[in-house]
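Enquirer: This is what each chain is made of:
2 protein chains.
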Amino acid sequence: MKRVDEARRAYRQGDPDAAARAHEMNRIAAEEPHEQERGKYLSDAVLGASDGIVTTFAVVAGVTGAALSPTIVLILGLANLLGDGLSMAAGTYLGERSEVDYQQKERERELWEVRHFPEGERAEVREIYRKKGLSGEVLEQVVEAITADEERWVETMMREELEIIEERKDPLRAGLTTFVSFLVGGAIPLVAYILAGLFPALAAHGFWASVVITALAMFTVGSMRSIVIHKPWHRAGLEMLAVGGLAAVAAYGVGYFLRGLAS
Amino acid sequence: MKRVDEARRAYRQGDPDAAARAHEMNRIAAEEPHEQERGKYLSDAVLGASDGIVTTFAVVAGVTGAALSPTIVLILGLANLLGDGLSMAAGTYLGERSEVDYQQKERERELWEVRHFPEGERAEVREIYRKKGLSGEVLEQVVEAITADEERWVETMMREELEIIEERKDPLRAGLTTFVSFLVGGAIPLVAYILAGLFPALAAHGFWASVVITALAMFTVGSMRSIVIHKPWHRAGLEMLAVGGLAAVAAYGVGYFLRGLAS
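Sequence order for the protein chains is A and B.
Position one of the first sequence corresponds to residue 1479 (the working numbering), numbered consecutively onward.
Position one of the second sequence corresponds to residue 1479 (the working numbering), numbered consecutively onward.
Errors might be hidden in some of the hints.
Copies of the same chain look alike in the list, so a pair counts if it works inside one copy or between any two.
Stated by the list, open to error - Heads up, simulated DSS-like pairs for lysine-lysine below, C-alpha to C-alpha not over 30 Å straight-line:
{"id": "1", "residue 1": "Lys1609", "residue 2": "Lys1518"}
{"id": "2", "residue 1": "Lys1610", "residue 2": "Lys1583"}
{"id": "3", "residue 1": "Lys1647", "residue 2": "Lys1518"}
{"id": "4", "residue 1": "Lys1647", "residue 2": "Lys1609"}
{"id": "5", "residue 1": "Lys1518", "residue 2": "Lys1583"}
{"id": "6", "residue 1": "Lys1609", "residue 2": "Lys1583"}
{"id": "7", "residue 1": "Lys1583", "residue 2": "Lys1647"}
Simulated from the structure, these hints should not be mistaken for lab results.
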């Protein structure tokens, strides 16, 4: 990304040679292992941590709004941490596994069709490349080349007909990564709450200590999302802070108003 | 899917004509608007409802485990419903928007490269098709055809180089769908809890009434996931029941044991 910006800048500055060099560097970089590869489990980690911190803090805020004791804040915060963390992790695991199963099944289906109805499948390849602007002898030769290799043929059907780009990800590892990072993220508001309880000067303000520390952590975790969600870090950080704040204010508000109704 | 199974069955039964007919039907069906199109917001709805029911019930279980009053179960259940629902919805909205932005930016980048460094980009197209088994004159003609049209050229780079298949989804609609379905799903355990309170025979068993109704609802919502997650409905239903049950048991357990420590 950076190198393309460099190329654009050089081009605008009337230095086409520098632009060409930067562009070439970019081309080489693009052939290195894909950025998404590196981010395969990183995205589970970052998203898990985000979710953990937002939902745990919403529980802390709701309980505080309902004017329950600090002990209950911790009990329910921990209960939510474990319960939600497990459900997120299991959801990630099952989701990834079903995606892997689905892609494998579609691949087997295409392979079966290629083996048993080669003519129909060949016609589909022809149609795909006709739409890309080929015709006549060239079209036939392309169809010939693609269908000469079973793997290549199936791959073409997957991408062009089914629009499936396969991703190789271990469901179990994705689930575990989600669980651990959810626990780590979700522990932040609770640890802040406990720490505040240890210092007499802060003890009466456990909730506010938790607010400040959690806000900083939300911004930090949010800005880390920029590694996987294609967004400038400061914007990702602020957005996360806004989402987490909104959730906490809503939970606090419900707790506060319903407590009034209940008493 | 069904028609392919039909084709396979007919083929195995030694009726290639019936198999060919079924296969042809399948080919026609595949040209109809893609199944994923229909499921674009359906997946947000189903996933939102699943998440709502699981997390709200985990809160109900945690509070019950900590032996707090039914009023507090409802207050905290509602606080969590609104807080988590808002954060889920905002997360969906921001995630979709950043995905749309990213794809648009990558498309603009490729377009810029195609316009300013056509030779480098043409070499990339050549490389892509060389890997598909083309060479010599045919390869050159394919490169010529693809690069003759700017739109087609950029599309090829998006799919083959960047592995991006663009999805047109309205972020706002995705976020709202998530919010509403989260509220509907999450309301189920709470409504069950309230209803139980209205019947004297059940009043002492509010939690268990909520357990039974929630379990049925979890299975139902879970089996609806089979529409979007490529899984048989009964398996999707049972898996969701297992995930929700696990989360609830964990939350109940933490509430129960920590209450013991606290008192």
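Enquirer: Evaluate each hint against the coordinates.
Expert: Consistency of the hints with the structure:
1. Lys1609 / Lys1518: between (33 Å within a copy, 25 Å between copies)
2. Lys1610 / Lys1583: Classified as both; 27 Å inside a copy, 23 Å across copies.
3. Lys1647 / Lys1518: both (7 Å within a copy, 23 Å between copies)
4. Lys1647 / Lys1609: between (32 Å within a copy, 24 Å between copies)
5. Lys1518 / Lys1583: both (22 Å within a copy, 21 Å between copies)
6. Lys1609 / Lys1583: Classified as both; 27 Å inside a copy, 25 Å across copies.
7. Lys1583 / Lys1647: both (16 Å within a copy, 26 Å between copies)
Of the hints listed earlier, there is not a single one the structure fails to meet.
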